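Chains as they are written, first to last, in our numbering: chain A, 8 to 362; chain B, 8 to 362; chain C, 8 to 362; chain D, 8 to 362.
It should be emphasised that the hints constitute simulated quantities derived from the structure, not laboratory data.
Hints may be right or wrong, so weigh each one.
Since the list gives no way to pick out one identical chain from another, each pair is judged satisfied if it fits inside one copy or across any two copies.
Claimed, not checked - Capping the alpha-carbon separation at 27 angstroms, the derived lysine-lysine pairs in DSS-like fashion look like this: (1) Lys218 / Lys61; (2) Lys156 / Lys61; (3) Lys269 / Lys114; (4) Lys229 / Lys151; (5) Lys218 / Lys229; (6) Lys218 / Lys357; (7) Lys61 / Lys269; (8) Lys114 / Lys218; (9) Lys269 / Lys218; (10) Lys114 / Lys151; (11) Lys229 / Lys269; (12) Lys61 / Lys222; (13) Lys156 / Lys218; (14) Lys229 / Lys114; (15) Lys357 / Lys229; (16) Lys76 / Lys61.
Computed from a predicted structure; not experimentally measured.
Number of protein chains: 4
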Amino acid sequence: MTRSYTVGIVGATGIAGQQFVIALQGHPWFSIERLAASERSAGRPFGQALLDPKTGARRWWCQEEPAAKVLSIPVENGDAFDPEGLDVVFSATESDVAQVQEPRFAKTTAVVSTASAFRYEADVPLLVPNVNMDHAELIHRQRKNRGWKGFVVPIPNCTVTGLVITLKPLADAFGLRSAIVTAMNGLSGAGRSPGVMGLDILDNIIPFIPKEEEKVQTECRKILPQHPAEISATCTRVNVMEGHTESVFAALGRRASVDEVKHAFRSVRNEARELGLPTAPAEWIKVHDNPFRPQPRLDRDNGGGMTTTVGRVREDNVLPNGMKYLLVSHNTRMGAAAGAVLVAEYLAVKGYLHS
Amino acid sequence: MTRSYTVGIVGATGIAGQQFVIALQGHPWFSIERLAASERSAGRPFGQALLDPKTGARRWWCQEEPAAKVLSIPVENGDAFDPEGLDVVFSATESDVAQVQEPRFAKTTAVVSTASAFRYEADVPLLVPNVNMDHAELIHRQRKNRGWKGFVVPIPNCTVTGLVITLKPLADAFGLRSAIVTAMNGLSGAGRSPGVMGLDILDNIIPFIPKEEEKVQTECRKILPQHPAEISATCTRVNVMEGHTESVFAALGRRASVDEVKHAFRSVRNEARELGLPTAPAEWIKVHDNPFRPQPRLDRDNGGGMTTTVGRVREDNVLPNGMKYLLVSHNTRMGAAAGAVLVAEYLAVKGYLHS
Amino acid sequence: MTRSYTVGIVGATGIAGQQFVIALQGHPWFSIERLAASERSAGRPFGQALLDPKTGARRWWCQEEPAAKVLSIPVENGDAFDPEGLDVVFSATESDVAQVQEPRFAKTTAVVSTASAFRYEADVPLLVPNVNMDHAELIHRQRKNRGWKGFVVPIPNCTVTGLVITLKPLADAFGLRSAIVTAMNGLSGAGRSPGVMGLDILDNIIPFIPKEEEKVQTECRKILPQHPAEISATCTRVNVMEGHTESVFAALGRRASVDEVKHAFRSVRNEARELGLPTAPAEWIKVHDNPFRPQPRLDRDNGGGMTTTVGRVREDNVLPNGMKYLLVSHNTRMGAAAGAVLVAEYLAVKGYLHS
Amino acid sequence: MTRSYTVGIVGATGIAGQQFVIALQGHPWFSIERLAASERSAGRPFGQALLDPKTGARRWWCQEEPAAKVLSIPVENGDAFDPEGLDVVFSATESDVAQVQEPRFAKTTAVVSTASAFRYEADVPLLVPNVNMDHAELIHRQRKNRGWKGFVVPIPNCTVTGLVITLKPLADAFGLRSAIVTAMNGLSGAGRSPGVMGLDILDNIIPFIPKEEEKVQTECRKILPQHPAEISATCTRVNVMEGHTESVFAALGRRASVDEVKHAFRSVRNEARELGLPTAPAEWIKVHDNPFRPQPRLDRDNGGGMTTTVGRVREDNVLPNGMKYLLVSHNTRMGAAAGAVLVAEYLAVKGYLHS
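The following block holds chain A by itself, in its conformation from the complex:
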């Protein structure tokens, strides 16, 4: 079966929007038809809207280059953007903008979003592939509640993604009581406005990321509701370009050996791949036995940035049935745009997109 969906990207000139462009251009199912951004960028082709007015240089921050076809799409004003006719809108705006725009888009159209605006609403599922895609059923309630033909589905905060991906197989196999996590997050997670200054992070660690720990604690509970686990997080910023490295201590529901835990990681079901989703990696969780791994620079790109990589699985002697490990997750691939595209692919095969 050949699938074909028309999509728009809102917030397309920002760093998250550009990542959507990269994740979607050349996609076998999704075709970028329209782009929107702030009023300032509207009315010009995407390629021109990207130019720095001072220097004339293209403000483009992804490794891969945007396709010529995308550069020629005229940018529309997001505040006036009418998505009717599109199958999906990918929303990459700041949360306050999303708060206003996304409900308007959802009246007619499916919205998959990296913004946090609707993550905590009771009728909004917070979806992570292979973890809680059954929560997608909430979409029916959401439509009914709100009288929408479309819907809003956000993905979680990028620090949450790798954490729930690794906690889920533990919860399924052994039960999960609680987890303590210290996150060492890459610079790209802070974006560019304002982002992290080179002066501040060189030879340094920033021990605080505003609101991040609350998001981690709240979102994990929402994503793994059947496992009433408490999560306690400390989130720091380190001088790493991409990739969040997390040091996890988990209290399991029953005693398990290191080998059992590694086996649980390695045998996790990769439903996204089974369903033939184009963005799903062959290996959902990669487990290293080499104690010097995972390293963010060496492991963030595993599976095209879609694989979560785990290592240093050891017993913990403090928590009940304690087990500790480190993980690396690519915060701007699986943890952002590409992860949202994977969610959209899932929604497509499950019939949530009208096409």
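Since chain A is already given, all that's left is putting chains B, C and D on it; use the hints.
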């Protein structure tokens, strides 16, 4: 009362030995009289022994320069070094060398060491100022057991120092059941043979430091024996020059508020300062209310690198009576040579050094 | 003779202004009496004006802390600031602000500035201690031309400072025809608005600093007019916190040996020190024979950041009478506020400040 | 025409040898048949020889993984290695080893080498594709002189590669009198034994790379003999993983405009591509008009690391007919193994390999 002690440094050409030179030159009580290193360096003045045979450049790795007087001291062969006549030997060799040399030195002389060789012996105290200096009494037993006129007193691993300094006031005020720590350690802790390659740490984190976690767990228990706390550690290496940053989650003996915990830190008794020890900082633990602190680059040099700095004190929702915080400790000042000198100062005023 | 001058700092809350606070608090001659900044900061004590409105954290970017006395000084609005009664105003604003404010201040008061606004005016000397302090005589012409009781004296761009300090003794001893320089500049030179993002500089070099090369080329010629040397510069940004490292190739007026060139550097006259200027370092130019020096991290703080450090002096085989070397200069000490204070000290002893 | 050659890699376990493995596995013409290394590694399959004896971790430093087929090849002792039967030996040993081994291999077999041992011999061409491949004719003289059936062809030092690639079109179009270059070299150029310590390069620049400047100056002249240009180099090490960034000032034979120079770069003949060499990039020299480029992190991988990227082309006011620019060249792709493979491809189509 004017104090005056003659000291020698063994392993003087290495990075830890050089730090002893810096901590001791210009010291009001201790006078560097003799230096020893490996046979290769022996027989030449210190200044010449430091020269790289290939390039002729001085292999000196501290910010401060060695004094002319020290550069002129002839280096002796550590394997043949007889410390008789010295009041203290500061030992900065690798553990396997210390295993052989330190007992020989201790027959006649007090040895204060950064090596791990004797840390786990039952009659050897592992001393941290203001934390467990009462353990110094073990020295009497050690001398008796071993028939030594001198003794061996090691300081703990540098990741342990800041941890026990901050856990002690919590244990005293509230009791302490357990602690979980993720350490993000600076490069200088790895030394230079082999140390960490620039290629390996740029844009990266190394998730493993061989033997470090076992040391943290064992040494904390030995230093805080009256608080039967389990410690669980994950130790990583980050691209920071100096300073270990530790993310701590502690289970207290009773419920405490954030303000009580901050108060416990701020009101910790600074006995080292009360005793007039020259290397003791005015502030033993500095507590930040600013959530963006502590940062290793901004806080490692507090109190000349002798102050432990704490911040982000918050309640933890996973551990019983849980409290979490971050700390920064200077691993090559308080955590190494200067910390050992502070221990020696304490031993001096308490009469353990013959003078 | 005891000297005593009252000073004000304009642009005091910015990074350059903060460096003036550090360079001036505790100064034996200059006493900080007044502070000014933008209207936004005005009306509150300096300590409060520094607080981030969002987080409440103090926005302070120097290693040293501001003194309590300074923190209590009320911040005035620079646009309404009347310096009458002060002996010197230190101006640390952006160039467009300086363009308007500095002439107003100069009607009554001496202005020493890090801004570029007046650097290229014919009656404005661009002063570097020990290089061209005789240009200070232009102040008389400036006053006459403009009808000012005070004057404006800017210091040059921070990439220029180390370059002219090292070119001057070469020009004096051997003549100077031209110089080619590739500058590898530290992050602090870019400031914070916008400054350099961590994302952009990690594992990278930025090959362009807008307007910097033109400044280098123009300002060098103005500072060294008796040596009609052409300067050609390429200025890059590297991932170094502080310190500009410059690779210089110089065409001398006559053939000289490496030893002669080193001797010229080492025997440079340190008039600033001879005059007893408090901020002058004991060593004006430090020359390394060790080919692995100068390094910015190891050499930028020489002489409290006021010494220019040179190394790798070798013959160049392309330029006529060519000689090549590297230098390190501290861009935010000698190259900015502290350098401006040194100029002010010189002007004081030469009688240019009314006191 | 289908080409097929059997190849061996000597020095295969080192970092340069591993890069040959990556450049050759999956190559359409060359098939890795044999591997050699030091005696210590000999006698075991490659996959086992890579294991760290202490930790059991695989000592593999390339981003791409070695193929299973390669991992199973038994490693031979390079000192006893007889290449008879192979079409090419790729030599990646240290220079002192190459000095002994390469002449022995060349008795029977073509040797393409990254070692410097034979670079300066009169009958040995130092080959750079699209620059001086006509020098390959020297191979006939070499064979005759030395009585070899094979030959030795080294590639130049990695700092030379991008420099001569960009100087050649300038020399051809305008003539070239001389060039001054300041190189800011990536860490991977220093390898791992000893390489650059993280401690030494963080927040720093190392101003000296032993022997590098002499190599640059000598090798450029050998590669571009028809242009009797003097080259003067200063080579530094910066905290960049891969990619050498070079600031070049060139004296041309006649006056040229910036546009003419850009045109010369852009219109350079890409003979390697015309000949269908598999490793040749589509774009030989990429020229940026954006003044913020080239940047090593963004441009080193252009053309799979085989394209040399140039930017900031401007007039220089010091050198006669002066022009200045920056370039980025990938030191471990085009500048090392992949560049050597490209040379071997050229030699293959020109009939220098027996097959």
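* Measure nothing new, just compare the shortest in-copy and cross-copy C-alpha distances for Lys218 and Lys61 to 27 angstroms and report within, between, both or neither. => Between copies only: 13 angstroms across, 33 angstroms inside.
* To do: Can you give me the call for Lys229 and Lys114, within, between, both or neither, at a CA distance of at most 27 angstroms?
  => within (25 angstroms within a copy, 64 angstroms between copies)
* To do: Have a look at Lys156 and Lys218 and pick one of within, between, both or neither, based on CA distance no larger than 27 angstroms.
  => neither (32 angstroms within a copy, 54 angstroms between copies)
* **Intra- versus inter-copy proximity for Lys61 and Lys156 (alpha-carbon distance at most 27 angstroms)** => neither (43 angstroms within a copy, 39 angstroms between copies)
* Using 27 angstroms as the alpha-carbon threshold, which applies to Lys218 and Lys357: within, between, both, or neither? -> Neither. Shortest intra-copy (33 angstroms) and inter-copy (49 angstroms) distances fail the 27 angstroms Cα cut-off.
* Check Lys229 against Lys269 for me: Cα-Cα at most 27 angstroms, and say if that holds within a copy, between copies, both or neither. => within (25 angstroms within a copy, 32 angstroms between copies)
* For the identical chains here, do Lys114 and Lys151 meet the 27 angstroms Cα criterion within one copy, between copies, both, or neither? -> Within one copy only: 11 angstroms inside a chain, 73 angstroms across chains, cut-off 27 angstroms.
* Homo-oligomer pair classification [Lys151, Lys229; C-alpha up to 27 angstroms] -> Only inside one copy: Lys229 and Lys151 sit 21 angstroms apart there, 62 angstroms across copies, limit 27 angstroms.
* **Up to 27 angstroms CA-CA - Lys229 versus Lys218, copy category** => Answer is within: at 17 angstroms inside a copy they meet the 27 angstroms cutoff, but 38 angstroms across does not.
* Asked: Is it within, between, both, or neither for Lys76 and Lys61, if the alpha carbons may be no more than 27 angstroms apart?
  -> within (25 angstroms within a copy, 42 angstroms between copies)
* State whether the alpha carbon distance between Lys61 and Lys269 is at most 27 angstroms within one copy, between copies, both, or neither. => The answer is between: 23 angstroms across copies meets 27 angstroms, while 53 angstroms in one copy does not.
* What label fits Lys269 with Lys218 when the C-alpha limit is 27 angstroms: within, between, both, or neither? -> between (32 angstroms within a copy, 22 angstroms between copies)
Hint compliance for this structure: hints 2, 3, 6, 8 and 13 are not met, and every other hint is.
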